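> Sequence:
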Amino acid sequence: MRAIDTNVAARFLLADHPEQTAAAIAIIGSGVYIPLTVLLELGWLLTSRYRQSREVVAAALLNLIDLPSVQVAEVAIVRWALGRFGDGGDFADMLHLVAARDATAFATFDRGVAIAAGPDSPVAVETL
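For our numbering, add 87 to where a residue sits in the sequence shown, where the first one is 1.
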């Protein structure tokens, strides 16, 4: 199984370049792994460069990771992060919590992280 870069996932979702879109559809259909860092960059790309709303981006990324041919580490917790992102949380912060799931706590100066994460955070958020 191959892992894919952000640009492959972007072409798949945006379908804005016919040749690259066809290649992206083919490779994703053959079975791919999408690293968390690619999801993070893809979320940034779609909201910042393509000016899509967080709700639209969260839904698109959920649809992508739910494809039978796509594998993502800790998919259930990534779904949680996308849900929190769609509800107003910062996607990077939510993925930090996903990545820190085996820690005893996630320390931050940002009080908003704990609020955005809510009570179901994969790791306790400690505001310093």
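Rather than coming from a laboratory, the hints here were simulated on the basis of the structure. Take the hints with a grain of salt, since some may be wrong.
Computed Cβ-Cβ distance ranges for the label pairs, DEER-style [as the list claims (entries may be wrong)]:
| hint | residue 1 | residue 2 | range |
| --- | --- | --- | --- |
| 1 | V143 | A192 | 19 to 25 Å |
| 2 | G118 | R198 | 38 to 44 Å |
| 3 | T191 | A109 | 33 to 39 Å |
| 4 | A102 | L215 | 22 to 28 Å |
| 5 | D92 | V162 | 37 to 43 Å |
| 6 | A160 | L215 | 24 to 30 Å |
| 7 | L101 | A190 | 47 to 53 Å |
| 8 | G175 | G118 | 16 to 22 Å |
| 9 | A90 | R188 | 32 to 38 Å |
Here the structure is a predicted model, which is why all the values come from computation and not from measurement. We treat Cβ as the ideally placed atom computed from N, Cα and C, and that holds for glycine.
> For every hint, state whether the structure bears it out.
Each hint tested on the structure:
1. V143 - A192: 19 to 25 Å: Because 33 Å falls outside the window, the suggested range is violated.
2. G118 - R198: 38 to 44 Å: 41 Å, holds
3. T191 - A109: 33 to 39 Å: 47 Å, violated
4. A102 - L215: 22 to 28 Å: 44 Å, violated
5. D92 - V162: 37 to 43 Å: 19 Å, violated
6. A160 - L215: 24 to 30 Å: The hint (24 to 30 Å, Cβ to Cβ) holds, given that A160 and L215 are roughly 28 Å apart.
7. L101 - A190: 47 to 53 Å: For A190 against L101, whose Cβ atoms are near 35 Å apart, the range 47 to 53 Å is violated.
8. G175 - G118: 16 to 22 Å: Since the Cβ atoms of G175 and G118 sit about 33 Å apart, the hinted range of 16 to 22 Å is violated.
9. A90 - R188: 32 to 38 Å: Since A90 and R188 have Cβ atoms about 20 Å apart, the given range 32 to 38 Å is violated.
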